[in-house]
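K.L.:
Going down the list, the sequences are from chains E and B. Reading the first sequence from the start, the letters are residues 28 to 407 in my numbering. Reading the second sequence from the start, the letters are residues 2 to 413 in my numbering.
Certain hints may be false.
[What the hints assert, rightly or not] Here are the computed lysine-lysine pairs in the BS3-like style, where the Cα-Cα straight-line distance is at most 30 Å: (1) B:LYS112 to B:LYS100; (2) E:LYS315 to E:LYS395; (3) B:LYS330 to B:LYS410; (4) E:LYS257 to E:LYS198; (5) B:LYS330 to E:LYS395; (6) B:LYS351 to E:LYS257; (7) E:LYS266 to E:LYS198; (8) B:LYS100 to B:LYS351; (9) B:LYS410 to B:LYS351; (10) B:LYS199 to B:LYS112; (11) B:LYS32 to E:LYS303; (12) E:LYS198 to B:LYS351; (13) B:LYS112 to B:LYS351; (14) B:LYS328 to B:LYS410; (15) E:LYS257 to B:LYS106; (16) B:LYS32 to E:LYS315; (17) B:LYS351 to E:LYS266; (18) E:LYS395 to B:LYS351; (19) B:LYS100 to E:LYS257; (20) E:LYS315 to E:LYS303; (21) B:LYS106 to B:LYS351.
[Claimed, not checked] Not everything, but these chain B residues come out facing chain E in the computed CB check (under 10 Å): (22) LEU9; (23) THR11; (24) TRP55; (25) ALA132; (26) ARG138; (27) MET373.
[What the hints assert, rightly or not] Covered, in the sense of this in silico footprint (three residues per stretch, anywhere, with C-beta under 8 Å from a C-beta of chain E), are these stretches of chain B: (28) 67 to 76; (29) 176 to 187; (30) 344 to 358.
Because the hints were derived from the structure by calculation, they are not lab data. Each residue gets a CB set at the ideal place from its N, CA and C atoms; glycine is no exception.
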Amino acid sequence: MDNVVGKKSGLTWAVHISMAVLVALWLFPTLGLFVSSFRTADQIATSGWWSALSTQERQVPAIRVGGTELEVDGRFVIEGRLFTATNAEVSAWGTTSTAPEANAPGDVVELGDGVTLTVAPDGAYVLSSPQTTAGARLPRIFSTAATPPEFTFQNYRAILFEPSNTDGMSKAFFNTLTVTIPATIIPILVAAFAAYALAWMDFPGRALLIAAIVGLLVVPLQLALIPLLKLHNEIGIGKGYLGTWLAHTGFGLPLAIYLLRNYMVGLPRDIIECAKVDGASDFQIFTKIILPLSFPALASFAIFQFLWTWNDLLVSLVFLIDSSGQTTVMTKQIVELLGTRGGNWEILATAAFISIAVPLLVFFAMQKYLVRGLLAGSVK
Amino acid sequence: MSPALQGLITIIIGVGGCVSYFYFSNLFLDKVLFPPSGPNAGRNINRANMIRPWLFLMPALIALSVYLAYPVVETLRLSLTQRVPGGGYQWVGFDNYTKMFGEPKFWEALKNNMLWLIVVPAMSTAFGLLAAQLSDRIRWGNLAKSLIFMPMAISFVGAAVIWKLVYDTRPVDQEQIGIMNAVWLAFQGGPMSVLFLKIVPILGLLAFAAAVGLVAWVFVRPMIKPSGPVGGGTIPLRLLVGAAALWLIFMSVRSAIGLAGTDLPYGVPQTWLTIPFWNSFFLMIVLVWIQTGFAMVILSAALRGVPEDTIEAAIVDGANPFQIFFKIKVPQIMGTIVVVWTTITIVVLKVFDIVFAMSNGQWETQVLANYMYDKLFRANDWGVGSASAMIIMLLVTPILIWNVYNARKEMR
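Please work from the sequences and hints to get the whole structure.
P.N.:
Following this line, the structure appears as structure tokens:
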């Protein structure tokens, strides 16, 4: 549009670069969590996730020489390895903490009394002594090794598939699913009928009802917590799934009715009038014509409600989670982990990524409907 | 019974119940109550059509009134009462409110909420507008939009974990694994540090102050130099905008002067979430990160809706891309910008999970929603908790009225 008059904008490069910077800024935090969830605790603690793809040169924890002593050619020899990783490579080593990088791999170092020590590039060391070293204090080896990138699924295995793991997410995952699915389906059904009545049926008070629903759209759900908890206790629901489903249904309804009504009002009047002339009842018009035609709006709201209930913390905290610990949901589990495992990023990152993986999948698969719903819900 | 099975049964009962309610109540209406046949067929049809809408609306109306309308009234009542030990409630008038206003933690929460209310909608809308404008002009724009939009799908709690990793701090002798500290330690106090950590932020703050001043001038000018009749009803609004702008300008200039005078602790890893005042901003960034995608999607659609002939006319008249953007496009999508702004404002007023998961209101980061949760479920003080909920409701009310007013206007 800017080159309408045949002039290519000189800003093109600036646009590309600024957009790339913006995207990188927005993507980096999530990427960090994603990469971290595939690294071992040791790797996360010693280097930033951004260096996970490059070869790491870092100090290996000091190792004291030990192992079985063998007598070879009149000398007493102890062999061992500095680390278990097979593809790491020692770049320097030493025997004192003051000079941990004094020697190159392959050097033979004299430790006094004829004792010699050598470390091979692959981390194997050989201590050789003229007398037996049994009972003597053996030297420590400090080394610096370069480790190539390495990723593991161990974190996911530990958090998802180990039933004994108290930090596990499998139960919370199924609880979240149990909350989410009914809480998504029921409001759609209830709202669809109401939206049809508000869009295509004439009755006194219709305009007032629509205005009330627009008003209820922004009522903060914080107001509802105490009265509803009291109500649930009085009628005997207490804390549990039923109360949570009902609460999510109630809180989701204004948006559902608003979105669906706006969409249904836009459907062509002719179709509905033709059906009426042909003798269809309102119920038939709704189920046979309106519902199939409203699929895009139904899908939009379903995604909203799914994301909202899946990601919710407050409603579950108040209406679902009791002291038994059996009904925890993923968001609550992660908040707990933040408190108890604040520094264990391999646990935190994996748990968080498990909880955001499902919404991300839904998001990328159904982005079109989500955008459509947003536009219908706001640009008015 | 396993919850999954219970869930399945509930789905079947819930969905089946809803469907059969709608089906059988309609059947009952048409076949038994007012059958469209016999001597009164015409009257019956009319009566059935009068009742049917309410059959369709009933479940929704019940759910809405029990789950949203009743709680508003009930919370108002609770905020004026106090629980008596042993059960029952006692009318205490405005005692809960006076008690709440006497607490420094409440004023801290209110002050922080005001800061959130200014910063988050402003930054989300600004970044969203920037991203929308930039992505419309490049070929990989859709991919870029997808990626910026992505945080919308991430839960506040997930986002809290993501950003805690960004803000992570390790002791000074260890390698930093949080990217903020890694970047921070790259600055050693040389000329580049002065440029990036002093001059650029100060210029940014001053530019912000200038922008605020410009907006305020647009609002206040008609009162000083009346070129036409000033609507009487808008004067309080104009004064409010002017006062808020003065305060913002004062704050940003003071911050700029403060920044110029301080010695930044180079080389020392910072625990970002415990620095008073600034830590609130580190929490706000999380919400800006989430909401920018929303602003971008809506503004991008609005930008595409700007009539092309206005832009072509501007090009023919020799406008440069910046002029086209600020003088042609932005004024035409002002309505959408206001909608985006208010929508994000509502999200901000309800923000709870981020603060709850990241700092839990410690280190002066309290906000109203978390303060309320503290009162309700930790201190078990339902009176003050309900009173703070009413404060949130009070802050939302202007937007509520404005939305309803617009919806009514549109229906006519």
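K.L.:
Please list, smallest to largest, the hint numbers that this structure does not respect.
P.N.:
none
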